[in-house]
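A.B. asks: What follows is the residue order along each chain.
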Amino acid sequence: MSAERDALEAPRRRRRVRGFNRRTGFGGYAYLILVLLVAAYPLWYAFTIATGDSQTITQRSLWIWPGENFFANVQRVLDNSAVDFWNALLNSVIVSTTVAFFVVVFSTLAGFAFARLNFRGRRGLLIFVIATMAVPTQLAVVPLYIVMANLQLAGTIWAVIIPALTSAFGVFWMTQYLEQTLPPELIEAARIDGASMIRVFWHVGLPAARPAAAMLALFTFIQTWTNFFWPFIVLDKDSRTLPVALQALANNFFDDYSLIMTGVVLSIVPLLLLFVLAGKQLVAGIMSGAVKG
Amino acid sequence: MKLSRRTTTAALAGSAAVALTLAGCAGGGAAPETSSPSDEPVTLTVATFNNFGYTDELLAQYTDEHPNVTIEHTIAATSNDARSNYFTKLGAGSGLADVEAVEIDWFAELMQYSDKLYDLTDPALADRWVAWKTAAATDADGRLVAYGTDIGPEGVCYRQDLFEAAGLPTDPDEVSALLTGSWDDYFAVGADYVAATGKAWFDSAAATYQGMVNQVEAAYEDPATGDVIATENPEVKEMYEAVLDASASQSAHLSQWGPDWAAGQADGSYATMLCPGWMLGVISGNAPDVTTWRVADAFPGGGGNWGGSYLTVPAQGAHLEEAKALAAWLTSPEVQLQAFLEAGTFPSQQALFSDDALLTATNPFFGDQEVGGIFANRADAVTVAPFKGPKYFPINDAMIQALGRVDIDKTDDAASSWDKFVADVNSLG
Amino acid sequence: MSNRTAATHRPVRRLGFGQQLSRWDVKLSPYLYVSPFFVIFAVTGLFPLLYTAYVSVHEWSLIGGEGDFVGLENFAFTLTNPIFWTALRNTLSIFLLSTVPQLVLAITIAAVLDTNLRAKTFWRMGVLVPYVLTPVAVSLLFSFMYADKLGIVNNLLQAIGLPPVAWHSDAFASHIAIASMVNFRWTGYNALILLAAMQAVPRDYHEAAMIDGANAVRRFFSITIPSLRPTIIFVVITSTIGGLQIFDEPTLYDQYGRGGNDKQWLTITMLIQNTGWRENGNFGRAAAIAWLLFLLILLIGLINLAITRSISGSGVPRSRRTGKAVSR
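Chains as they are written, first to last, in this note's numbering: chain E, 1 to 293; chain P, 1001 to 1429; chain A, 2001 to 2328.
Don't take every hint at face value.
Unchecked claim - Part of the chain P face toward chain E, derived, beta carbon under 8 Å: (1) Ala1266; (2) Gly1268; (3) Thr1291; (4) Thr1360.
Unchecked claim - Far from chain P, some chain A residues (derived; all Cβ distances over 12 Å): (5) Trp2024; (6) Val2026; (7) Ala2042; (8) Val2043; (9) Gly2065; (10) Leu2117; (11) Thr2121; (12) Leu2140; (13) Lys2149; (14) Ala2214; (15) Ile2233; (16) Gln2264; (17) Gly2301; (18) Thr2308.
Hint data in this document are derived by calculation from the structure and do not stem from the laboratory. Given the structure is predicted, the values throughout are model-derived calculations rather than measurements. Think of the CB as a built atom: it goes at the ideal place given N, C-alpha and C, for glycine as much as any other residue.
Can you make the complete structure from the sequences, with help from the hints?
C.D. replies: What follows is the structure, encoded as structure tokens:
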């Protein structure tokens, strides 16, 4: 195999190889532009409503020119005492970061075990984990609330953090990713060299899992950030996360949509910032996952 | 952001689209003295929804007089959110505020569990509210478990300019005279309007039906036995058929609370709509540039009430007596008047019906009409307190859907839709 | 590590302590690694699951609490209730309309993202933008866009000369609208998952196939897709589970949240919510519906697994020309 590879590498160094590494064609870019336009349109729509007034949303046309009220609306949202924006923002950041971190840690540990370690009950437990994703959340609300109340945690941010630490999705995701990309030979080699399990995990498992872990962190962060139903039930005024707090903008009988959409836009800004700052890192992390055979 | 049925107490737009102005009267004097059951420092939580008019300044009046009390006020966005929250925490046994607001929509449901509510009976407050308000809050053992805040007496809102184009009178007094009568009279005027302009008279069958069913003493359940009679009650069937008959030509087919319905208030899709006091804020918010909406001091079939809320003290709380005192203060005439001036929530306290401050309150959006007085008259005209048992609202929901199928979705005709209604009611168990 | 014995040269007479530790390490560490997950899960996941099962066989009111034991009566009622079957129909319809196009789109987007793009980060993060909007906000925006009279979509249709669609009255139209909300939100997400897996496919396979003369499309179907098989299975299973539980989008599709006047878009999770919360808080029945949904998800999940396995081949890319199996 490697002789073949060397043979291939040589020509690539001399000229751009046609074929696999070719530049994206015009068709590819066109397709992506179309996709991004569709993806971005609702956000743009929300923004233009946020810049207008209460009547803007009734306009029927596809393209609405943005108005001038954006900063005035932003000020109204920030000043709204029922929303308590900065406090809610802080809560959201704390909750999302904590959950993302622990989900990645626990899921990687469990994924590593399920993917590459042989232990009794492995298949059964894994299937059980996957099956738990099928439980509808509506019914979990009441017993979960009882548990939180008994632990004296209801109304604190721990009530949203703790249940979120166990992500069956995360475990499933890391398991299948490691199964695909972590060669058993590497683990064997490390074991033969006398490494303990934990060292194997740290030196072999983690690096292989890094790309998937980075993605899981991003997805979990966003998911936790945008979560509404359970935080709404269990949090109280001081511990509210951002989506729940912004709900208070629909507080009045008559919904001023320019205000509500301003809230929507404001709640996305931190996430977009995350994209910009961490985007390159995360994408690089994700895409470095090509494990050379 | 569910735009769920907003059959709740008034809440005017936060942007104060409607400013209620006093025609010369000092609004809100000193709040009545209540003796605090204990002088220990205590924090009371109050949970309301939409806009009850309880501003921080208002609540400060209480804490100024009772320095040992701190009040924390949380507001849920919608009545439905408040309801989910209430029932979940009631079931779990903890987590409710010391004073919790309840809307009449789901109050009957809550009354089934009146043993989980603190007894608020107080002989001193016996005549504070209109009789039918207190009756609904008194359980089978005679305990009063909730104090009334506001009510929703109904008039008819109409568009002056559209009336003019149809050759109908436009002056509010004349329109009041025109629309006073039975539902048949209302539909007859509607037929004239449609004939003259070809446009819709009212917004939807379901919205009109709401007005009709609130005048029936026992529409869906038998007060004596609690049995469900909705499907057999000839009154219900008659109203159903009458409103669908008229809707064929007079309805704008716009689902209430939907975006098209809201836009319809601005673009003149319908000329009239049934208007409880709190609806004024909705209209002014949805149609801020329209200057021709007015309120007629009339209601087909006599009088009607739609909406209203209560304050309850859940028995799971830690400061029951203090909460009871606070709830009593919040529902006192003086405080409710301030709330009305702040948020438009029409009071349920009888003392205020003869209070000038209420009677002369005007609304600039509606051409400076004295809306306080109008709705006081409308409150007087309410003669029937409909019995609303625990199944009332699911059954009413099913009826709204039945009407919607024919009037809006056009998936059924009146007969097949009625059959589906019967099936729905039977499956409620 | 102490006690390293050269096992190949001398028979081991007795296990040293170090070796014993090592054996425990191997045997116990898996359980240790999965335990954080299961410990928390026992409290926050297992308890609700068992609680729901217990509730479903009783007559249980949300507030009144536990009633009599009624065995399978709640299940029987649900299975004979035509509303349940309508909800099932709606759920499956929305599920198919959302999952299938989404998967196809996600794979194609991932394939394009896999190529040598300029400004990679921009494109890759860009497709994730729909995911950051809260479901509430998305539903709100889309319900305005799909409004029958003043919605943008109907406006567009009429501009091209087509008749307006009754998005909130016609059942199938409502399914399409709701599916479009779901697709909007999740396509980019799934595309990135597939992209990560695509990037993990060793380039050698492609290069070898190119040498053999396979073009891009051929390579895509013979190498990329089979290599992606575990990930495709993963995406299909998570989409199945999520899709059958769909709740936010159909609830917020109109102002009432009851699934339409004629139950046009009532899904099973909405039925659970209605039964347990809206009507008389019939928690027992709601629990029974939830368990039926759970079983349904397991069933459909297994079916999807079987289908996906057979479609995406055996997972081992083969080089036709040389007839050699390319080992992983």
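A.B. asks: Hints first: check each against the structure and report whether it holds.
C.D. replies: Comparing the hints with the structure gives:
1. Ala1266: Because about 7 Å separates Ala1266/P from the closest Cβ in chain E, which is inside the 8 Å limit, the hint holds.
2. Gly1268: violated (13 Å)
3. Thr1291: Hint violated; Thr1291/P Cβ to chain E Cβ min 15 Å, cut 8 Å.
4. Thr1360: Since chain E brings no Cβ nearer than about 24 Å to Thr1360/P, farther than 8 Å, the hint is violated.
5. Trp2024: The claim holds: Trp2024/A sits with its nearest Cβ about 43 Å from chain P, beyond 12 Å.
6. Val2026: holds (44 Å)
7. Ala2042: About 20 Å separates Ala2042/A from the closest Cβ of chain P, which puts it past 12 Å; holds.
8. Val2043: Non-interface label stands for Val2043/A: nearest chain P Cβ at 16 Å, farther than 12 Å.
9. Gly2065: Violated, because the least Cβ-Cβ distance between Gly2065/A and chain P comes to about 8 Å, which does not exceed 12 Å.
10. Leu2117: For Leu2117/A, whose nearest Cβ neighbour in chain P is about 37 Å away, the distance exceeds 12 Å, so it holds.
11. Thr2121: holds (33 Å)
12. Leu2140: violated (5 Å)
13. Lys2149: Non-interface label fails for Lys2149/A: nearest chain P Cβ at 4 Å, not farther than 12 Å.
14. Ala2214: The assertion about Ala2214/A holds, with a minimum of 52 Å to chain P.
15. Ile2233: holds (36 Å)
16. Gln2264: Violated: least Cβ distance 8 Å, not greater than 12 Å.
17. Gly2301: holds (29 Å)
18. Thr2308: holds (36 Å)
Violated hints for the displayed structure, listed by number in ascending order: 2, 3, 4, 9, 12, 13, 16.
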